[in-house]
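Peer 1: Let chain C serve as the given structure and place chain D on it in line with the hints.
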Amino acid sequence: MTTADANRMLDVTLRIARFTPKPEKASRRRGGSPFAKKSPFGDSGASSRPGRVRGKRWTQEYRVSVHANDSVLDCLLMIKREQDPSLAFRYSCGHGMCGSDAVAINGTPTLLCTAKVRDWVKPDSPDFTANEGFRPTGQPVDDDAQALDLDALEPGTGLVIDLAALPGFPTQRDLIADVDPMLDQIRRLRPYLEASGELKTTDDGKIDAFEYLQSPEQLARYELLSNCIACGVCEGSCPVYAGGEAFVGPAAMITVSRFLNDSRDSIADDRLDSLMGSDGASACQSVRACSMHCPKGIDVGEELWQTIQKVDAARKARQTADA
Amino acid sequence: MSPKQLEEQYDAVIVGAGAAGLSAALGLLRSPAYEEIAQQGVQPRILVISKLQPLRSHTGSAEGGIAASLGNVEHDDWHWHLFDTIKGSDWLADQDMVEILASQAPATVIGLEHDGVAFSRTQDGHIAQRLFGGHTAEFGKQPVHRTAYAADRIGHQILHSLWQQCVKAGVQFAEEWYVTDLVVETGDDGEQRSRGVVVLDTHSGKVHAVRSRNVLLATGGAGRLFHTTSNSWDLTGDGMSLALEAGLQLEDVEFVQFHPTGLAHTGILLSEAARGEGGRLLNADGEHFMDRYAPGHGDLAARDVVSRSIMAEVDAGRGVADPKDPDGPKDCVWLDLRALGHDVLEGRLPEVCETVRDYAGLDPATDLIPIRPTAHYTMGGIPIMADGNVYEWVDGARRTVDGLFAAGECSCVSVHGANRLGANSLLDACLFGTRAGQAVASRIAAAYAEALGEGLDPTECDDDSPAVDEAAAARSEDIASLLAGAAVSDGDDGQAADMDDDNPYRVMADLGAVMERYAAVRCDHDGLTEALREVSGTLSDRAGALHAHSDTAAYNQEVTAILEARHLVRLAKAVLTASDGREESRGSLYRRDFPQRDDERFLAHSMIDADSMLSWQPVVITAFPPKARAY
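Chains C and D are the protein sequences, given in the same order. Quick note on numbering: this note's numbering labels position 252 of the first sequence as 294, and the sequence is numbered without any gaps. Quick note on numbering: this note's numbering labels position 54 of the second sequence as 157, and the sequence is numbered without any gaps.
Only chain C is shown next, with the shape it has when bound in the complex (with noise of 0.2 Å):
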């Protein structure tokens, strides 16, 4: 579509699974006799599972009246402000830098402040089904190119939008889901610059350059790796992440990537050790869904195909030196 056809106002049913949760009085786990044993399963009930959060789950719509080119970020402010603040949902710089409002909006991963009305509405009949089911694979798509021709529709045809929280993390409340496992996944691939410390010196010692010196060449084979916002989209993408220790998850193989593109890091061995445990490369299926939304643009799955062959080539040379 371009983009003067989508100059137009629209009436659009938000649809949103929404989530409160049991407040943690009410929480505590019922049933079973104070006297009985542990089970070794540990503790009975739905409650064990972990990172389940109880509470009441439901489905609400709000019908709002948007411009075709407003976010579905704008359409959730005005449903806070107009109908219900109740609702929650994170944001904040409200323009794709913040990485905070990664939610599913139609079961699609992606953020809400740069996803476009125009891209996102469906027709609200059980028989729409384009775009949904299956999550296409290899090259990322324009979100353009599955948005609806608005013009071919029925006049009257109600527009509906599906909302959810990220899926692959716990939700917290709403649309708020808990990406701490991704963070912390992260923060354990030692996520920080590792430089020698050397500087450049003359040719009788003394310091020639204070920063450590990077050619543009050397800046660009990490640079747009270095752009990842950590929001959560290629993980909640990912059908083999599921928040848990199975796979260390693409956001966080992205960071270990990063700085073992940068000229400046010193500890690429231990880079690639990190990497060599049943969590890490080897979890990785190459299913590439998480190339689809970036919002930063990085082919995720294309980098991460790329540092698993280092890891093989890391783990192959030392199997033929221990040999």
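There may be inaccurate statements among the hints.
As the list claims (entries may be wrong) - Here are the computed lysine-lysine pairs in the PhoX-like style, where the Cα-Cα straight-line distance is at most 25 Å:
| hint | chain 1 | residue 1 | chain 2 | residue 2 |
| --- | --- | --- | --- | --- |
| 1 | D | LYS309 | C | LYS98 |
| 2 | C | LYS98 | C | LYS64 |
| 3 | D | LYS107 | C | LYS64 |
| 4 | D | LYS309 | C | LYS64 |
Claimed, not checked - Partner residues aside, some chain D positions facing chain C, computed with beta carbon under 7 Å:
| hint | residue |
| --- | --- |
| 5 | SER164 |
| 6 | ALA221 |
| 7 | TRP336 |
| 8 | ILE371 |
| 9 | SER653 |
| 10 | TYR658 |
To be verified - With beta-carbon atoms standing in for the labels, derived distance ranges:
| hint | chain 1 | residue 1 | chain 2 | residue 2 | range |
| --- | --- | --- | --- | --- | --- |
| 11 | C | PRO258 | D | HIS445 | 22 to 28 Å |
| 12 | D | THR469 | C | ALA262 | 30 to 36 Å |
| 13 | C | ALA359 | D | SER545 | 47 to 53 Å |
| 14 | D | ASP644 | C | GLU287 | 50 to 56 Å |
| 15 | D | ALA576 | C | GLU287 | 39 to 45 Å |
| 16 | C | ILE309 | D | GLY499 | 55 to 61 Å |
| 17 | C | SER305 | D | ALA576 | 53 to 59 Å |
| 18 | D | LYS107 | C | ALA365 | 43 to 49 Å |
| 19 | D | ARG233 | C | THR362 | 45 to 51 Å |
| 20 | C | SER305 | D | SER206 | 26 to 32 Å |
Rather than coming from a laboratory, the hints here were simulated on the basis of the structure. Don't be surprised by glycine CBs; every beta carbon is placed ideally from N, CA and C.
Peer 2: Structure of chain D alone, referenced to chain C:
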């Protein structure tokens, strides 16, 4: 990430985790004083409390760069940076502080590079530097390449690198904890002493008393005072308002920088490069009006000049409506990029084009783009000394508040004066943040040495003051009553909350509209009086009467928003009163009724408290006596 258990007492609590807060944490942990303590086998207890997960901080949105006379591209001298900053400030900056800023800028930038910032590079591998408005060589002679940058993402790079280094240093964070009270006690001798803070853990909805011997505020700016702002939704002036509520003063809060080219009502910045490449500003009649206001400079005049000219056109009825809202107010003008051609647009202004397409749905090659000035930076704030220590201006002298520090946009060490130069804000935050952290470390070391000298355990709690616990108890009650006011308990019936009554999001929107109408870019006594009447009257009453619409305390964003609305209303009063008190035009403040700068009466910093008591502190002039500020 939240602390599993709170300590009885902290040695230092840092509030805010953007460039200033994280720099302070690193400055503290990396200082020789801290190392000395660590060598004695005691571990000071430090906590960084932040409203947001640190990586979400607004520092990440800074685009342009960070200024330092590295001389990597051409010869430069920090004295020239000093002069430029003073001139940019319209001679309101304290020149001794600007000396620190300019002379220590190169070391600050090198430090950031060592911390991992992916600076853009010159061909020979040095940090690249670009031209930026107002930065010159030889005291104003010609533009100089002084601004270090990382493409157009310097803020993101600095924020992430600082956070990464904090991870390495093992800094403890309390994330999505919102500070509700700053506890300052006044002794019988009038001496003021910081005791700690009260925080709301937004995850659980619980209120905690956090006792600390040192508190450092680094909460950022207050762009949300205005409807149209480039600031994130979280910049609600919390630190400044907490200081006011604690009985302290703010300095020079009447100075708010507006960036001339915000995209219509979104407030999102369109880079100055758009005009640099030949973009023109047009009014409703299609007139290229900037030649009338700034002959010779035209569209490339200084930020405040262009902002004022746009508002003058709008006020004269020559504004245009945002095409998205054709029946709305005619409060924009056009930015015309149509003549630039495809190659220039896509090759040199890709970010501008993307923003226009994404957020306005317009095509810069064929459409006129609606723009209006957008609130960008608060020059004033909590008054601090060179080491970050907060002070009060009492009876013509500075009196420091024991154990209270501030840094970054919420503070005012006064390096920006009446108008900040581009690329100086990140520098201020990182440099003075680091210094404040170091000063806190020295205080901790001194306290530990004293305790150890007396044979005491330095981590033993000094529980001689119940002030923090009392404040926490009062705040708990306050929040309980906000929750009890929830009209409909959500979740049980799945119905939308009853919305016949008010909510904080409306109050903040209405406050932003009042501030925008009467105080944005230009103002006069009558308008300020009217604005004060509305803010002190209706808006204060509404903010005071708010309650939540859900009684679930966990992740109740509305409770936080109510506290934010109260913060903004309190701060708005101070801004309006200080603006009215300054009967001159200087830097970003333009008084229609007093259009000239008046050095006789107002070469001074305004100092205002919550009771609207206004006093004046002289400006420190060392090397450069005031001159006309002409570009």
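Peer 1: Assuming the hint says 43 to 49 Å, is it satisfied by the Cβ distance from D:LYS107 to C:ALA365 or not?
Peer 2: 46 Å, holds
Peer 1: Per the hint of 53 to 59 Å, is the separation of the Cβ atoms of C:SER305 and D:ALA576 within bounds?
Peer 2: Since C:SER305 and D:ALA576 have Cβ atoms about 55 Å apart, the given range 53 to 59 Å holds.
Peer 1: Take the shortest C-beta to C-beta distance between D:SER653 and chain C; is it under 7 Å?
Peer 2: 4 Å, holds
Peer 1: Take the C-beta atom of D:THR469 and the C-beta atom of C:ALA262, compute their distance, and say whether it sits inside 30 to 36 Å.
Peer 2: 33 Å, holds
Peer 1: Verify the CB-CB distance for D:ARG233 and C:THR362 against the hinted window 45 to 51 Å.
Peer 2: 48 Å, holds
Peer 1: Please verify whether D:LYS107 and C:LYS64 have alpha carbons no more than 25 Å apart.
Peer 2: OK: D:LYS107 and C:LYS64 at ~21 Å, within 25 Å.
Peer 1: Could one say that the CB atoms of C:PRO258 and D:HIS445 fall in the range 22 to 28 Å?
Peer 2: 26 Å, holds
Peer 1: Between D:ALA576 and C:GLU287, does the beta-carbon spacing fit 39 to 45 Å?
Peer 2: Once the Cβ atoms are compared, 41 Å apart, the range 39 to 45 Å for C:GLU287 and D:ALA576 holds.
Peer 1: The hint names D:TRP336 as touching chain C; please verify it with the least Cβ-Cβ distance against 7 Å.
Peer 2: 6 Å, holds
Peer 1: Verify the proposed pairing of D:LYS309 with C:LYS64, using a straight-line Cα cut of 25 Å.
Peer 2: 14 Å, holds
Peer 1: In this structure, is the beta-carbon distance linking C:SER305 and D:SER206 contained in 26 to 32 Å?
Peer 2: 31 Å, holds
Peer 1: Within 55 to 61 Å or not, the Cβ separation of C:ILE309 and D:GLY499?
Peer 2: Cβ of C:ILE309 to Cβ of D:GLY499: about 56 Å, so the range 55 to 61 Å holds.
Consistency note: the structure conflicts with none of the earlier hints.
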